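Colleague: Take the given structure of chain A and dock chain B to it, following the hints.
Protein sequence lines, in the order shown, are assigned to chains A and B.
Number 315 in my numbering belongs to position 315 of the first sequence; there are no gaps in the numbering.
Number 114 in my numbering belongs to position 114 of the second sequence; there are no gaps in the numbering.
No lab work stands behind these hints, which were simulated from the structure alone.
This one's a predicted model, so the numbers in the text were calculated from it and none came from an experiment.
A portion of the hints provided could be inaccurate.
Just so you have them, the derived chain B footprint on chain A, three or more residues with Cβ under 8 Å [claimed, not checked]: (1) 64 to 76; (2) 251 to 265; (3) 297 to 310; (4) 339 to 345; (5) 356 to 367.
Heads up, the beta-carbon is just placed ideally off N, CA and C, and yes, glycines get one too.
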Amino acid sequence: MVNALDPQNIKNFSEASVSVEIETEDMTLNIGPQHPSTHGVLRLVAKVDGEKVHDVKPVLGYMHRGYEKLAEVRTYPQITTLVNRIDWVAGFSNEIPFIAGAERLMEIEVPDRAKYIRLILTEMARISSHFVFNGAYALEVGALTPIFYAMEDRERVLDLIESVTGGRFHPNFNRIGGVKPAAGAGPTTKKNIQDLPAGFYRDTKIAMQKVIEAADQFQNLIGGNEVFKKRTKDVGVLTPEIAEAFGVSGPILRASGVKSDLRTQTDYLPYDQFEYEIPVGENGDCYDRWDVRVKEMVESAKIVLQAIDSMPSGPLQAKVPKVIKVPKGRTYVRAENPKGEMGYYIISDGGLGPYRLKVRTASFSNISILPNLLEGALLPDLIAIMGSLDFVLGDVDR
Amino acid sequence: MEDFFNNIKESFTNAVLEFETINIKVDSTQWIETHEQLRDEFNLKFFSWLSAVDWDNDVSVGEAPKESVTPCFELITCLSDVENTNLITVSTTIDKSEPHIDSLVEIYEGANWHEREAYEMFGISFANHPNLEKLYLPDGYEGNPMLKSFELISREVKPWPGDVDVEGMPEDSESGEPVDG
Chain A
1 MVNALDPQNI
11 KNFSEASVSV
21 EIETEDMTLN
31 IGPQHPSTHG
41 VLRLVAKVDG
51 EKVHDVKPVL
61 GYMHRGYEKL
71 AEVRTYPQIT
81 TLVNRIDWVA
91 GFSNEIPFIA
101 GAERLMEIEV
111 PDRAKYIRLI
121 LTEMARISSH
131 FVFNGAYALE
141 VGALTPIFYA
151 MEDRERVLDL
161 IESVTGGRFH
171 PNFNRIGGVK
181 PAAGAGPTTK
191 KNIQDLPAGF
201 YRDTKIAMQK
211 VIEAADQFQN
221 LIGGNEVFKK
231 RTKDVGVLTP
241 EIAEAFGVSG
251 PILRASGVKS
261 DLRTQTDYLP
271 YDQFEYEIPV
281 GENGDCYDRW
291 DVRVKEMVES
301 AKIVLQAIDS
311 MPSGPLQAKV
321 PKVIKVPKGR
331 TYVRAENPKG
341 EMGYYIISDG
351 GLGPYRLKVR
361 TASFSNISIL
371 PNLLEGALLP
381 DLIAIMGSLD
391 FVLGDVDR
Chain B
1 MEDFFNNIKE
11 SFTNAVLEFE
21 TINIKVDSTQ
31 WIETHEQLRD
41 EFNLKFFSWL
51 SAVDWDNDVS
61 VGEAPKESVT
71 PCFELITCLS
81 DVENTNLITV
91 STTIDKSEPH
101 IDSLVEIYEG
111 ANWHEREAYE
121 MFGISFANHP
131 NLEKLYLPDG
141 YEGNPMLKSF
151 ELISREVKPW
161 PGDVDVEGMP
171 EDSESGEPVD
181 G
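Same shape as in the complex, but just chain A:
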């Protein structure tokens, strides 16, 4: 037996050099379901070896509310109330493809003014969603300040949405055939059709100018920060091939260098009337995903400003039957939501509600690449990568 206290032996031990690589057992790390950076209740079961992530298994279902089942026992006008709550950061955008789908099956032509109001509000929802992302993402990688600016600036946009629709997060403003008479313009009577609230154009112009300034401020405050760059550049690189096979869409796909935007590819709203750019990234890393969204805010603000200037007059509603029955048929309508492609596949058999409604949400497909992206990543990068995907659990679980 070796006497460890023998001075001679102590000397021997201290001189011995370690030449073998230390192999450690994988540790299972449970993140969530209540981790703040999960934007809700996502749970990740990660296998880590020291600082390296070997395998990640997302566990879903903590926010599953069964909307597809609910839709089968609801009428079409009732479903807009439900779909507002899918991606609650941009509630207004969720209504658009569903309403457009029902209108397509009923062959209703929506008045231009209603289309423009829809377009303005859905772009505002995009801006407010990207504000939340900017604040939250900076927070996740360790910067506390930006979220205060982001929340303050977002409030200006939410105030505008509220002034028109009456709701900050869940407007429930679209009706089949047009939009609801605006809430801000006084009581509704049949003879007096309501419209946008007084001072809306003026306030919107001020707010959109502020959005452009805020985006510029974010570019300096967040993008110009050396620590932020170090934490996000070349981290979580996503190639376009993998993104497409997984159905990853929206800003994440564009950050990987694919110029894909459903606003130009489909005609659910009159985006072809306006001039705007589609920001595209180069490397597909976390920094690009952040950068694309900040640039998108500016483009959205530009679209809104153009729409305000060229707002057509006319009715807010097309003529529709009092009891909405959608003729037999099936269609798929998709829209470019803040988080990516959102679509509704409606199967109607001629009844008051759909026989089957498939809800395609952006975040569900977007986070399905998490195991792929996180394999081999460092543990501190896990939150940076996850945050850059900008998902909302309501949009994942539905």
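Modeller: Here is chain B on its own, set in the frame of chain A:
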């Protein structure tokens, strides 16, 4: 859209363009080949979604189909091309007594979670799926909630509260007539 539809029609004669959505129906034995062909020949590399429909005349929630249908599962996928407007839905029917089909994961990796969802919600099993387990539902949950025969216990006790809206308000006797919004 029209050009793409004509191209599709050359390979798939039964393709239909209805309500701006192209659909092709295939036999369940052709499921894998069709997707491979659409991905490689038509450049539809974007896997949008996969889902199923439970066709049944006997329903416990909601309304039964207006016209009688043959009970079956219909499986639908949606594929698109990210750089243009090309989009297609592919559907197949499978027998309810043997709800099996080959998994698409080898062709589109993104099918993984969608197939898991169809598995737990409809009870359809996908052969060669790498990890066919429940996605949303907790362990030990029995039944497949999206089946038309699946009962919602709370609705057995109390009818759908929304029903009252559909019947129309007491004062309007001429419901169904077009009105100004």
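Colleague: Quick one: which hint numbers does this structure break? Sort them smallest to largest.
Modeller: 3
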